[in-house]
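Protein chains: 2
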Amino acid sequence: MNIYDKLRERGIEIGDRVRVLRDNEEICGVLMPRYSIYEGENLLVIKLDNGYNVGIEVDENTKVDLVSKRERIVFKEEKVLFDKSKPKVSVLSTGGTIASRVDYKTGAVYPSLRTEDLIKMIPEIEGLVYLDAKQIMSKFSEDMKKSDWSLIAREVYRSMKDSYGVIVLHGTDTMSYSASALAFSIRNKNVPIIFVGSQRSSDRPSTDSYFNIKASIITALKAPFAESVVVMHGETSDSYALVHRGVKVRKMHTSRRDAFQTINDYPIAKVHVDRMELEIVGRIIRYRSNEEPVLMDKFEEKVALIKFYPGFDEGILDYFLEKKYKGIVIEGTGLGHVSNDIIPKIKELIDNGMIVTMTSQCLFGRIDMKVYSTGRLLLKAGVLPSKDMLPETAYVKLSWLLGNFKDLEEVKRLYLENLEGEINERLSLDMYPKWITDQ
Amino acid sequence: MNIYDKLRERGIEIGDRVRVLRDNEEICGVLMPRYSIYEGENLLVIKLDNGYNVGIEVDENTKVDLVSKRERIVFKEEKVLFDKSKPKVSVLSTGGTIASRVDYKTGAVYPSLRTEDLIKMIPEIEGLVYLDAKQIMSKFSEDMKKSDWSLIAREVYRSMKDSYGVIVLHGTDTMSYSASALAFSIRNKNVPIIFVGSQRSSDRPSTDSYFNIKASIITALKAPFAESVVVMHGETSDSYALVHRGVKVRKMHTSRRDAFQTINDYPIAKVHVDRMELEIVGRIIRYRSNEEPVLMDKFEEKVALIKFYPGFDEGILDYFLEKKYKGIVIEGTGLGHVSNDIIPKIKELIDNGMIVTMTSQCLFGRIDMKVYSTGRLLLKAGVLPSKDMLPETAYVKLSWLLGNFKDLEEVKRLYLENLEGEINERLSLDMYPKWITDQ
Numbered sequence: 001m002n003i004y005d006k007l008r009e010r011g012i013e014i015g016d017r018v019r020v021l022r023d024n025e026e027i028c029g030v031l032m033p034r035y036s037i038y039e040g041e042n043l044l045v046i047k048l049d050n051g052y053n054v055g056i057e058v059d060e061n062t063k064v065d066l067v068s069k070r071e072r073i074v075f076k077e078e079k080v081l082f083d084k085s086k087p088k089v090s091v092l093s094t095g096g097t098i099a100s101r102v103d104y105k106t107g108a109v110y111p112s113l114r115t116e117d118l119i120k121m122i123p124e125i126e127g128l129v130y131l132d133a134k135q136i137m138s139k140f141s142e143d144m145k146k147s148d149w150s151l152i153a154r155e156v157y158r159s160m161k162d163s164y165g166v167i168v169l170h171g172t173d174t175m176s177y178s179a180s181a182l183a184f185s186i187r188n189k190n191v192p193i194i195f196v197g198s199q200r201s202s203d204r205p206s207t208d209s210y211f212n213i214k215a216s217i218i219t220a221l222k223a224p225f226a227e228s229v230v231v232m233h234g235e236t237s238d239s240y241a242l243v244h245r246g247v248k249v250r251k252m253h254t255s256r257r258d259a260f261q262t263i264n265d266y267p268i269a270k271v272h273v274d275r276m277e278l279e280i281v282g283r284i285i286r287y288r289s290n291e292e293p294v295l296m297d298k299f300e301e302k303v304a305l306i307k308f309y310p311g312f313d314e315g316i317l318d319y320f321l322e323k324k325y326k327g328i329v330i331e332g333t334g335l336g337h338v339s340n341d342i343i344p345k346i347k348e349l350i351d352n353g354m355i356v357t358m359t360s361q362c363l364f365g366r367i368d369m370k371v372y373s374t375g376r377l378l379l380k381a382g383v384l385p386s387k388d389m390l391p392e393t394a395y396v397k398l399s400w401l402l403g404n405f406k407d408l409e410e411v412k413r414l415y416l417e418n419l420e421g422e423i424n425e426r427l428s429l430d431m432y433p434k435w436i437t438d439q
Numbered sequence: 440m441n442i443y444d445k446l447r448e449r450g451i452e453i454g455d456r457v458r459v460l461r462d463n464e465e466i467c468g469v470l471m472p473r474y475s476i477y478e479g480e481n482l483l484v485i486k487l488d489n490g491y492n493v494g495i496e497v498d499e500n501t502k503v504d505l506v507s508k509r510e511r512i513v514f515k516e517e518k519v520l521f522d523k524s525k526p527k528v529s530v531l532s533t534g535g536t537i538a539s540r541v542d543y544k545t546g547a548v549y550p551s552l553r554t555e556d557l558i559k560m561i562p563e564i565e566g567l568v569y570l571d572a573k574q575i576m577s578k579f580s581e582d583m584k585k586s587d588w589s590l591i592a593r594e595v596y597r598s599m600k601d602s603y604g605v606i607v608l609h610g611t612d613t614m615s616y617s618a619s620a621l622a623f624s625i626r627n628k629n630v631p632i633i634f635v636g637s638q639r640s641s642d643r644p645s646t647d648s649y650f651n652i653k654a655s656i657i658t659a660l661k662a663p664f665a666e667s668v669v670v671m672h673g674e675t676s677d678s679y680a681l682v683h684r685g686v687k688v689r690k691m692h693t694s695r696r697d698a699f700q701t702i703n704d705y706p707i708a709k710v711h712v713d714r715m716e717l718e719i720v721g722r723i724i725r726y727r728s729n730e731e732p733v734l735m736d737k738f739e740e741k742v743a744l745i746k747f748y749p750g751f752d753e754g755i756l757d758y759f760l761e762k763k764y765k766g767i768v769i770e771g772t773g774l775g776h777v778s779n780d781i782i783p784k785i786k787e788l789i790d791n792g793m794i795v796t797m798t799s800q801c802l803f804g805r806i807d808m809k810v811y812s813t814g815r816l817l818l819k820a821g822v823l824p825s826k827d828m829l830p831e832t833a834y835v836k837l838s839w840l841l842g843n844f845k846d847l848e849e850v851k852r853l854y855l856e857n858l859e860g861e862i863n864e865r866l867s868l869d870m871y872p873k874w875i876t877d878q
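Sequence lines, in order, name chains Y and D.
Take the first sequence: its letter number 57 is residue 57 in my numbering, and every next letter is one higher.
Take the second sequence: its letter number 114 is residue 553 in my numbering, and every next letter is one higher.
Warning: the hint list may mix true and false statements.
Some chain Y residues flagged as far from chain D (calculated, every beta-carbon gap over 10 Å) [what the hints assert, rightly or not]:
#: 1; residue: Arg17
#: 2; residue: Val20
#: 3; residue: Asp23
#: 4; residue: Ile122
#: 5; residue: Arg187
#: 6; residue: Phe405
With a straight-line cut-off of 30 Å between C-alpha atoms, the simulated DSSO-like cross-links for lysine-lysine are [said to hold, decoys possible]:
#: 7; chain 1: D; residue 1: Lys573; chain 2: D; residue 2: Lys737
#: 8; chain 1: D; residue 1: Lys763; chain 2: Y; residue 2: Lys345
#: 9; chain 1: D; residue 1: Lys573; chain 2: D; residue 2: Lys525
#: 10; chain 1: Y; residue 1: Lys324; chain 2: D; residue 2: Lys762
#: 11; chain 1: D; residue 1: Lys741; chain 2: D; residue 2: Lys578
#: 12; chain 1: D; residue 1: Lys851; chain 2: D; residue 2: Lys765
#: 13; chain 1: Y; residue 1: Lys380; chain 2: D; residue 2: Lys486
#: 14; chain 1: Y; residue 1: Lys370; chain 2: D; residue 2: Lys502
#: 15; chain 1: D; residue 1: Lys709; chain 2: D; residue 2: Lys600
#: 16; chain 1: Y; residue 1: Lys380; chain 2: D; residue 2: Lys578
#: 17; chain 1: D; residue 1: Lys486; chain 2: Y; residue 2: Lys347
#: 18; chain 1: D; residue 1: Lys809; chain 2: D; residue 2: Lys786
#: 19; chain 1: D; residue 1: Lys784; chain 2: Y; residue 2: Lys146
#: 20; chain 1: D; residue 1: Lys819; chain 2: D; residue 2: Lys845
#: 21; chain 1: Y; residue 1: Lys380; chain 2: D; residue 2: Lys584
#: 22; chain 1: Y; residue 1: Lys146; chain 2: Y; residue 2: Lys88
#: 23; chain 1: D; residue 1: Lys762; chain 2: Y; residue 2: Lys345
Facing chain D, from chain Y, some residues (calculated, C-beta under 10 Å) [claimed, not checked]:
#: 24; residue: Val54
#: 25; residue: Met144
#: 26; residue: Gly315
Derived by calculation from the structure, the hints in this document are not laboratory data.
Note that beta-carbon positions come from the ideal geometry of N, C-alpha and C, so glycine has one too.
Just chain Y, with the same shape it has in the complex:
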């Protein structure tokens, strides 16, 4: 019998507040469900008051006591009134931290957020907007596939018809990939598509869920642009959120609330959440319009993103050749290089009809393959220079192009063209951040 079963016999359940005494150390917190069925029989998980979970190995000398029974979470069956004369904003939930809540009754994480919950979370939006929430999937963003991008694209496309803006709740890990996917897969966007996530879940005191969702609603209501964007905290405090162009944003920190940052461009806008204002600070590629959006929701599965590094195994390229891949985006070094000894292999891939493109692991700056002979040989072999496109965006773009266009010359032409602001022809000096010693 595992420790949870033993505690249950004593009337101590998940969600209850407990005190654990071991080796003269006292730990207080809420009893949480075990991480997984693989955990040891005697591992207890406690959520501390600072929001962190700790795992405690329970032995015969460990004492676990009940401090207080869990708070019963009961949703009042109140009818939330929607004022349909207000602008409708669609909220599509895909899962992730922002759309999850621990249910202490079952111990499960609820990966959904109902319209009612949204309204309750942010009472000041009631009356301003007619929110229409829908759960379209329930995934951690690290589990997203290209087929999920297509699904999100279809759902967003459907919602755009009668919405003033579409908000997509999404896990942060691969949010920038999905935001890029939507930038390309819905042509002629007429309203903004707003990806929003959270770095700390709603059950933690430091959660950024409410702030970010509120910022996304303000963006949906006030944005003059109709692009696929990411709205997240602009800095660590609750001062403002930033609106990043989906094709130019990257998650640059594992845990900070301001993890999302625009690379090689300015963010589009700042959202002053307290004043409920949106301030344009960057360029706008596409404005709201009455155009009819066009859905092009296919993504070619056989496209890969490959990072080059010293000691890179050329056999990887053979693997993709054998598997009949159609495209490869290389994350090369510096201005767009790989070692000279693999250039013949890359040429072989291209001669076999594969499209191979070059991005840089530096992230900042522009590919320039004309400066050194290595780059020139790669150009000669037929590698496409991705200018200042992020590796992740280049990967999504090539997957999308190969999914929707049959003519390879057309694919190559469009790859080098700026479709959604993914290429910035005017990099300015201040688009490089200020590093530690400058601050």
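Take the given structure of chain Y and dock chain D to it, following the hints.
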């Protein structure tokens, strides 16, 4: 007969200043060698006065005229006097932009730099230091292999015996990988090992070669630390250089002079080149000493660095299994994740004796695989969390550990241990740069 041969018949040679007239457009500059033998018969390369090269297709309507003959570069056969009573600093050249110079006589790029050239470049160092320059290889840094890391390690180790510091001239593309390799492969370092490169070659007006080399010599003379570091421009102007710990630095821009930046730590020092002063601004892991350095110069070839992304092909992991790889460093998403469906495959690799570790493509922040169930399942499968190590550093470290230690438990233990400052247990808020909107 190609255009270069035709011009030579008219007495116009590489290095001469020419004027090209085509379609009423006039281009003036220095005639440069062709990029490669693959170029078309009629392509002419001209170096403009702004330092950039342009390729011009010459047809029957194009006129090429001589403006002036090239300047004859003659090295005076003067004897440079070395004062052996001064501290000896070894300068090992591996190639790269910093160690290259176009010879207009042959059209070839000289990938070497003689001691005499160094002294001529930076006359103010004469009398301060006894420089001993040696060319140990001549490679673009994108062509560096693990065997080159070993070679550099052996040469540096040899030079350390009687030097006050060892400077390694290196291409910038993979300089941080090599600097990490040296950090691990020479134990008990007693003098600083200083990697220096340049983002613009010495024949361009905007070159940073002299500034960076001077900064590296100041570092060799004045550093109290004995670590493997990278010394490069600290900002775009010629104000100061930064000394970055090799295991914590990354090339973050394709072309800027201040491309190298420290991630998840402070740089070790600032070099005020004009005043020839070194100011410590970060932590020092190892000081100069009389300890005997120990060479451990092996790197396991069968270690790979793999970036995870949505649509990642699990077959890649099978490839590495078949090829009997011994280690894989994953560049995962967020806090250290991959999609849940490939966790069983990762477990299979580990069960087959492979060491699999996790880093984050966010670059900033720390791996924490205990927050979400995906991370916990990965830990359960045996994946090692790399804390705040850079993916590139983690790759070098695992290659080095597997190259030098037979016991896998020892390898795992050392991987998680902080050996050379590659792990920073104290990340502070200001180690995240200030982004565009904060500036």
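These are the hints, each one checked on the structure:
| no. | hint | verdict |
| --- | --- | --- |
| 1 | Arg17 | 21 Å, holds |
| 2 | Val20 | 18 Å, holds |
| 3 | Asp23 | 21 Å, holds |
| 4 | Ile122 | 24 Å, holds |
| 5 | Arg187 | 21 Å, holds |
| 6 | Phe405 | 18 Å, holds |
| 7 | D:Lys573 to D:Lys737 | 23 Å, holds |
| 8 | D:Lys763 to Y:Lys345 | 22 Å, holds |
| 9 | D:Lys573 to D:Lys525 | 18 Å, holds |
| 10 | Y:Lys324 to D:Lys762 | 20 Å, holds |
| 11 | D:Lys741 to D:Lys578 | 23 Å, holds |
| 12 | D:Lys851 to D:Lys765 | 12 Å, holds |
| 13 | Y:Lys380 to D:Lys486 | 20 Å, holds |
| 14 | Y:Lys370 to D:Lys502 | 24 Å, holds |
| 15 | D:Lys709 to D:Lys600 | 26 Å, holds |
| 16 | Y:Lys380 to D:Lys578 | 21 Å, holds |
| 17 | D:Lys486 to Y:Lys347 | 28 Å, holds |
| 18 | D:Lys809 to D:Lys786 | 17 Å, holds |
| 19 | D:Lys784 to Y:Lys146 | 20 Å, holds |
| 20 | D:Lys819 to D:Lys845 | 24 Å, holds |
| 21 | Y:Lys380 to D:Lys584 | 24 Å, holds |
| 22 | Y:Lys146 to Y:Lys88 | 28 Å, holds |
| 23 | D:Lys762 to Y:Lys345 | 19 Å, holds |
| 24 | Val54 | 9 Å, holds |
| 25 | Met144 | 5 Å, holds |
| 26 | Gly315 | 7 Å, holds |
Taken one by one, the earlier hints all hold for this structure without exception.
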